[in-house]
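Student: Each chain, letter by letter, is given below.
Number of protein chains: 2
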Amino acid sequence: MLNDFELEKEKASDWFLNLRKNIIESFERIEDSYTQETGLEKLAGRFSVKKTKRNGSQESDNGGGIMSVMRGGRVFEKVGVNVSTVYGPLDDRIKKLMRARRKIIRNDKIVNFWASGISVVAHMQNPQCPAVHMNTRMFWTPDTWWFGGGTDLNPSIEKAADIDFFHTALKDCCDRHDKTYYPKFKKWADDYFYIPHRNIARGVGGIFFDDLSTDWSRNFTFTQDVGKTFLSTFTEILNRRMNEKWTDADKDGQLIYRGLYSEYNLIYDRGTKFGLESGHDPDAVLMSLPPMVKWY
Amino acid sequence: MLNDFELEKEKASDWFLNLRKNIIESFERIEDSYTQETGLEKLAGRFSVKKTKRNGSQESDNGGGIMSVMRGGRVFEKVGVNVSTVYGPLDDRIKKLMRARRKIIRNDKIVNFWASGISVVAHMQNPQCPAVHMNTRMFWTPDTWWFGGGTDLNPSIEKAADIDFFHTALKDCCDRHDKTYYPKFKKWADDYFYIPHRNIARGVGGIFFDDLSTDWSRNFTFTQDVGKTFLSTFTEILNRRMNEKWTDADKDGQLIYRGLYSEYNLIYDRGTKFGLESGHDPDAVLMSLPPMVKWY
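Those protein sequence lines, which keep their order, are chains S and B.
According to my numbering, the first sequence is numbered sequentially starting from 1.
According to my numbering, the second sequence is numbered sequentially starting from 1.
One or more of the hints may lead you astray.
Identical copies carry no separate label here, and so any pair may be met within one copy or between two of them.
Capping the alpha-carbon separation at 25 Å, the derived lysine-lysine pairs in BS3-like fashion look like this [what the hints assert, rightly or not]:
(1) K50 <-> K294
(2) K51 <-> K294
(3) K273 <-> K159
(4) K96 <-> K171
Simulated from the structure, these hints should not be mistaken for laboratory data.
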């Protein structure tokens, strides 16, 4: 069965490219629709696009991606949208981890992997707007495949209406596919997006899932729905909040709050670790880091 | 012999307190002696002092320290001087690491450790002045003891004269104690203060040493000399540079350069890992993080 997986891989990587296009168009439209005086002197932000490469263990082709970043926009202070499709032989350390996670069963000397995904992190000019993270991916080894991903909201000023709206949309999304998903994936996000050394959550949560590998078509459809739900929900929150006023103290609070996000990503985040250790372009992997941070 | 180590422990922790006092007095004098117009409207910076505690595996006393931070000064944008003396039973994970490093030989169920040290990190207002790090420490287990530490310079604008001056002072310091130290400890710093994911050094190096355990008195005297050399050398560099002009572009370059320091400390630094994992106050452990950082 797994030798025939070329079609599924193509469907998945095509979807991530498609979602990327929709996100980029939506975010540029948001830049155009901003009306508040502060920042209107700037041009509406636009993404700049760069191809990225992975320096894997092979000399030749290890895969790569497209990194799209909008910096210094009216609404987005920095937002990155990365897609990548990477492949090649697993290095020994990752192979060991994957064996422990039962992702590799056969005892071949060289085990090839394939992974494709999209990752979005947005840091906002206006502290009334939350920062957000979304990532979905498909992973493949000759023995198995799985989907993973998640999204979480990181508001420096917590607004109950936005938090409820975000969680409800994710619950509805999960429920459309499997009633057991939401409670499980919400708890997973609470556990995962947590900063042990500070004993606090990095944000207000969302959903997180990994190792989803029951039925390819159903799991893929769910993964697509997570991406679509993220996009419609987050743009709706921005439309509600982006023209609200803010103070210098609000901005300062946001810069300090971003320290949590930075600490989390550099110390704990799985995707960041995998990216840096598997030799992907560090600028693409660390695209998630905020444009400006304060540590008191 | 090791049961009599109470006196040595006391000598070491007293020294770290003494060095702390000298550093704090010197840095406050530097704030007073600043004459450049930019920033002179501010009051000369002063340290604020806070006691810190370690939440170890015991309910009761696990040791702690003194965290002294000066923020928003005329010369120092943020400088932290931490001293701590911590002790208690080693947790299983650290015990395993220490066994691998031959720091524990006996097979006791509970192994107590004791560690005392000083750590200094300075981030400067003026990008003409380099950021700096210095740390020295004594570690003790019932089977052995050792000194470790180092110092390295992190200039966003590299000045050959300052870099030479810093390295030469460290060479002279090492040579006073053992002619083999400098080449070994300089290379160790080059290897240690390195950011593999970006394939660059985090700064311009200095010295780094660990596991120094040949003769207690001689090793202690060397460790003291590293602290004194750091202080006299760095204050001399500040005196030379702090009244030089800088541009907004210089400042921006400094904020971006600080990203390297932040990535290094959160991903690789041993002291940071040990501090966070052994339950010390995260604000004290992360005192090293810059007051403001930009990631492009």
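Student: Give me the numbers of the hints this structure contradicts, sorted from smallest to largest.
Tutor: Hints 3 and 4 are the ones this structure does not satisfy, whereas the remaining hints hold.
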